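Asker: Turn these sequences into a full structure, and let the hints steer you where they fit.
Protein chains in written order, with my numbering: chain A, 7 to 328; chain B, 16 to 503; chain C, 3 to 320.
Source of the hints: derived by calculation from the structure; they are not laboratory data. Note that the structure is a prediction, hence the values are computed from the model and not measured. Misleading hints may appear alongside valid ones.
Here are the simulated DMTMM-like cross-link-like pairs (lysine to aspartate or glutamate), alpha carbons at most 20 Å apart as the crow flies [unchecked claim]:
hint, chain 1, residue 1, chain 2, residue 2
1, B, Lys97, B, Glu310
2, A, Lys326, C, Asp283
3, B, Lys97, A, Glu229
4, A, Lys225, A, Glu125
5, A, Lys216, C, Asp152
6, A, Lys115, C, Glu110
7, B, Lys421, A, Glu116
8, B, Lys449, A, Glu145
9, B, Lys253, B, Asp327
10, B, Lys348, B, Glu310
11, B, Lys348, B, Asp231
12, A, Lys115, B, Glu58
13, A, Lys260, A, Asp178
14, B, Lys299, A, Asp291
15, A, Lys216, C, Glu110
16, A, Lys294, C, Asp77
17, C, Lys153, C, Asp115
18, A, Lys328, C, Asp280
19, A, Lys300, B, Asp414
20, B, Lys300, B, Glu278
21, A, Lys54, B, Glu270
22, B, Lys420, A, Glu145
23, B, Lys420, A, Asp124
24, C, Lys174, C, Glu110
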Amino acid sequence: MSQRPKLAFYWAASCGGCEITIVELGMRLVEVSEKVDIVFWPCAMDFKYDDVRAMQDKEIDVCFFNGGIRNDENEHIAALLRRKSKILVAFGACAHMGGIPSLANQYDKESMLYRVFDEIPSNDDSRGTRPQPTTHMKEGDIEIPILYDRVKTLAQTVEVDYSMPGCPPVADQVWNVFQALLAGNIPGKGSKIGVDPKSNCDACARQKGKSSQRISEFKRPHEVQLDQETCFLTQGVVCYGAATQAGCGLPCVKANFPCRGCYGPPDGVTDQGAKLISEIGALIDTSKPEELNKIMEGFVDPVGTAYRFGLADSILNELKYK
Amino acid sequence: MNQKISIDPITRLEGHGRIDLFLNEEGSLENAYMIIPELRGFEKFCEGRPVEEMPQITQRICGVCPTAHHIAAAKAGDAVYKVEVPLAGRMIREVLNDAFFVGDHGTHFFVLGGPDFIVGPGAPKAQRNVLGVVQKVGREVGGRAIQLLQDNHEICSIIGGRFIHPVAAIVGGVTKPMTVEDQQKILNLARRSLETAKFTLDLFDSLVLKNKEYVDLILSDMYAHQTYYMGLVDENNKVNFYDGKVRVVTPSGKEFVKYSPEEYLDNIAEHIEPWTYLKFPYLKKVGWKGFIDGEGSGVYRASPLARLNASDGMATPLAQAEYEKFYATLGGKPVHATLATHWARLIELLFAVEQIIQLTTDDRILDPNVHAIPTEIPSEGVAIIEAPRGTLTHHYQTDERGLLKKVNLIVGTTNNYAAIDMSIHKAAQGLIHKGRAVSDEIMNKIEMAFRAYDPCFGCATHALPGDSPMIVRIYDHDRQMVQELRRD
Amino acid sequence: MSHSTTVTFADKVRAIPGGEHLEMCYSCGTCVSKCMIQQKVEPDYNPRRLIRRVLLDQVEDAFTDPTTWMCSACDLCFPACPQKIHISGVIGAVKQLAVAEGYKSPLETVKVDDKLCSGCGVCVMVCPYEAPHLVEKKVNGQMDRVSLVDKNRCMRCGTCVAACPLGAISRKGVANPDIVKQIKIKTDRTTSPKLLIFICDWSLRVDDDLRILESYPSNIRVIHIPCSGRIDPQMAMLALRSGIDGVLVCGCAPGECHFKRGTNVGSCKISLLGQMFDQMDPERGGRVRFIQIGTQDRGRIRNEIDGMLESLELMKAR
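Answerer: Listed below in structure tokens is the structure:
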């Protein structure tokens with residue numbers, strides 16, 4: 007019987023980026039693979055669900071689960087893996103706080119199905135046909151998962167031991183976490199792992215704002231020549247970096263695009279979107295009160311802007327779906 | 016009562032899927048279905064979003080091909096605003112796209128679909144992965160493969176900040192100009208990639224084309240379909256990943272239609288079945304006749320094989336030579352053999368690298384003007400680009416502020432969904448017989464039928480499960496073993 | 003006007019931008035009658051007397067006068083002054099001279115927790131008084147860039163506390179936990195809507211209005227904040243999540259904010275919050291409201307509260 011720790015990787019409603027980030031480890035993954043057994047990883051290995059069902063409870067040492075919970079199969083496998091794993095990590099933005107697919111929580115399931123299976127202009131005469139949980143074919147029945155009315159985070163579905171934010175979590179942080187686990191450095195349960203303290207601004211080399219420098223007009227990223235040296239907020243461009251947990255190393259900002267908050271809120275913030283508008287609201291140039299409405303019109307799509315990656319984890323979401 | 020065997024989940028590809036096989040009492044196949052059990056609803060929840068954020072949002076459709084959506088979304092945003100991207104901006108976008116193609120195609124060949132070929136379709140489960148490939152072809156090759164992927168991921172990071180979910184493409188251009196230092200770095204990486212690309216084609220030649228058993232497999236009827244073929248071409252009908260018109264040829268290779276992005280609705284329709292969440296696109300002018308082959312059926316394929324079939328050639332010299340060899344070997348155009356897609360993929364890989372070099376050695380790419388600020392009122396736009404898996408269409412309608420009202424997406428693999436389902440069925444039909452147990456090898460051979468279409472992601476390095484001892488043998492070019500490394 | 007060559011205290015004050023025209027003052031005291039600080043907080047606060055002290059060269063008295071340190075430049079006095087003296091400018095000039103002489107503000111100002119601060123500069127940009135600025139200093143043995151508050155400029159409005167994404171800048175009494183712990187309403191009257199009111203310290207000018215505010219039963223709770231710029235939309239969300247039916251935020255009318263810009267900041271935040279509700283959950287939008295009470299609006303607070311309760315009753319009925 008192997009003494010090596012057993013790892014599992016699984017994806018629910020996700021894009022696959024969290025699997026590729028493991029791959030980005032390159033040769034470091036080979037190093038790790040010599041010390042562990044990967045017992046389940048659908049994207050890269052041929053183990054099937056029945057293999058997991060056959061395992062003992064808590065046989066898996068650490069399961070890295072990415073993707074949000076969108077349907078009953080996602081929930082079923084989450085519960086299965088929870089049972090079979092000692093440690094369950096919500097890996098990546100979707101498992102951590104819903105991710106981009108959780109923008110669907112702004113709409114209801116019926117309007118989503120209507121758009122995809124009725125309204126879309128390329129649909130043919132079969133428009134109006136809806137996927138069914140069970141379809142009786144002449145050969146037998148085909149069953150497909152039932153969509154839930156919204157996306158849930160992993161922690162809203164099963165008990166989660168750790169969260170590892172990022173869309174995806176950057177490879178260097180994944181490496182840090184693997185090393186810590188192999189060395190037995192298990193942090194306190196419930197903590198965020200693969201992150202650095204404070205917010206992104208801590209590591210950002212851009213020139214920060216000056217006293218009384220405020221936003222008199224919101225500029226959307228395509229409406230200006232984005233400057234590479236100065237803080238985006240001083241250019242009138244919304245950047246979430248100040249309200250985002252550090253840890254990614256700022257690849258987006260360094261490539262000259264503002265941060266969109268995929269690492270989630272920093273410690274101490276309950277609702278990332280509300281905190282963001284508390285920050286942005288104060289930055290608006292208020293010297294002419296009669297122009298405030300006009301300025302605010304330039305801040306388009308508040309929900310999609312303030313909750314780009316975390317709508318499922320927000321209080322806004324909780325209020326709607328309680 | 017029929018017996019149902021489910022391959023659940025299907026593995027070594029991106030996305031969720033299940034294959035349901037229905038066998039009758041005698042043990043032969045009644046039917047086979049490829050089922051997609053998930054839906055996330057991008058076409059709904061993108062409503063209300065600003066169009067300039069779509070390169071960021073839509074790339075989360077797929078973390079394996081994020082760059083395809085990233086660039087398609089930027090192009091669709093350009094169309095919505097009727098803004099023309101400055102030349103340097105376009106060149107940078109193309110380099111990003113090409114580097115991403117190399118990484119993606121390379122990953123598929125060495126890690127995903129390739130191992131079935133290189134190690135053998137009937138090889139034990141534990142060897143059907145990149146380590147099995149290394150064992151077969153030597154550690155040096157494995158190292159070169161990883162280098163190829165890492166080099167092209169690096170090019171993407173130089174331009175877009177990171178490989179997974181880059182940020183470079185915005186409406187009107189790209190976020191920053193290319194510096195001389197970056198240009199040099201990219202060129203060095205591309206030149207090294209060129210050698211590996213040529214080497215990989217040689218490898219394919221020696222391992223696969225010189226192996227009669229594999230060639231028979233490729234050309235076997237079990238893995239062939241006579242369908243229409245689709246791909247983006249330039250004004251000379253050469254394969255183009257970034258721009259041009261969509262050209263469709265008939266199963267006998269004649270041009271059927273050539274359309275501009277705005278005309279896509281006249282040409283593509285989608286069919287819905289209740290047993291799956293994914294829809295089946297088909298050629299509207301031919302019509303939906305079900306999951307069947309032939310000129311009378313609207314089923315088409317969009318993939319490296321399809322792109323080569325739908326074009327008159329490759330726009331770069333080395334790739335063009337390979338293109339000609341491809342058709343000479345396989346009996347002329349069009350090639351219907353699904354497994355030939357693996358070869359077509361490598362030809363495209365070579366083309367992408369040649370293109371990176373062409374673009375990066377052109378100093379116009381250093382022009383600081385890389386972003387045109389839109390001036391028109393936004394309304395509606397369609398953009399089409401080639402993703403590694405197939406033709407990708409983004410169609411947006413916005414209000415006068417550029418906030419999305421309606422979104423329609425026809426995504427790479429979706430184009431092939433009907434064909435994939437047919438491929439699964441045909442392979443299963445050929446492999447499952449009365450009196451013969453459905454073994455692991457048979458199930459894998461069925462899975463091979465879809466793996467040819469779907470590059471997806473993979474694992475550049477792959478962990479060997481369990482306690483199996485690992486033996487690595489290093490061969491020189493004369494196939495003499497020079498070293499054996501063991502881990503027992 | 004002095005023709006001698008010595009520089010008087012008044013000369014020094016006049017030399018500082020904002021300190022001009024102080025000799026025009028004829029001590030009518032209109033400014034004192036308008037001043038909210040004098041009326042609500044500190045009876046000894048007296049701009050007229052301070053200007054007198056400057057003109058009479060009473061330097062030490064001027065530097066220790068509470069007026070010098072407590073003026074928040076709300077400028078309610080400015081339009082009223084018959085001589086059009088920009089009084090807060092004069093006071094600010096006196097303060098500047100005091101600081102140069104080593105005098106310090108007696109106010110308990112906000113402080114930055116270096117261990118939490120990421121040096122983002124948001125507080126620097128939002129402060130109406132330009133009190134915070136970024137500095138390089140050693141934190142935990144390493145050089146770091148953090149914010150540092152000039153305590154002689156800070157007027158304790160709390161706008162920075164709400165704007166800081168990390169809760170790194172704060173003071174006792176208005177720190178996030180201090181406010182959050184007040185967000186609960188326990189009541190036996192379960193049929194009446196529960197309303198949480200955030201009110202700034204300055205928008206209700208007279209005691210009668212304050213009495214109205216305190217006259218409601220226990221289904222209404224009032225939380226006092228120094229300025230409506232201190233409001234954080236998270237607080238409104240937490241309130242709704244805990245079962246409170248509605249949140250009313252009350253600030254000063256534009257142009258009358260005690261801390262220059264707080265009321266405009268507050269109104270922007272609540273407006274953006276409202277837009278988020280419109281997108282996500284339109285029915286809930288009417289539950290958070292921002293009102294601005296003018297200096298002359300006597301008794302209006304009652305109408306606003308009653309109106310809000312009525313809306314909440316209607317929402318409950320639906």
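Asker: Against each hint, give a clear statement of whether it holds in the structure.
Answerer: To see whether the hints hold, each was checked on the structure:
no. : hint                : result
1   : B:Lys97 x B:Glu310  : violated (37 Å)
2   : A:Lys326 x C:Asp283 : holds (6 Å)
3   : B:Lys97 x A:Glu229  : holds (14 Å)
4   : A:Lys225 x A:Glu125 : violated (33 Å)
5   : A:Lys216 x C:Asp152 : holds (15 Å)
6   : A:Lys115 x C:Glu110 : violated (53 Å)
7   : B:Lys421 x A:Glu116 : holds (16 Å)
8   : B:Lys449 x A:Glu145 : holds (17 Å)
9   : B:Lys253 x B:Asp327 : holds (6 Å)
10  : B:Lys348 x B:Glu310 : holds (15 Å)
11  : B:Lys348 x B:Asp231 : holds (18 Å)
12  : A:Lys115 x B:Glu58  : holds (12 Å)
13  : A:Lys260 x A:Asp178 : holds (17 Å)
14  : B:Lys299 x A:Asp291 : violated (54 Å)
15  : A:Lys216 x C:Glu110 : violated (24 Å)
16  : A:Lys294 x C:Asp77  : holds (16 Å)
17  : C:Lys153 x C:Asp115 : holds (14 Å)
18  : A:Lys328 x C:Asp280 : holds (18 Å)
19  : A:Lys300 x B:Asp414 : holds (18 Å)
20  : B:Lys300 x B:Glu278 : holds (12 Å)
21  : A:Lys54 x B:Glu270  : violated (43 Å)
22  : B:Lys420 x A:Glu145 : violated (42 Å)
23  : B:Lys420 x A:Asp124 : holds (16 Å)
24  : C:Lys174 x C:Glu110 : holds (9 Å)
Consistency with the previously given hints fails for numbers 1, 4, 6, 14, 15, 21, 22, ordered from lowest to highest.
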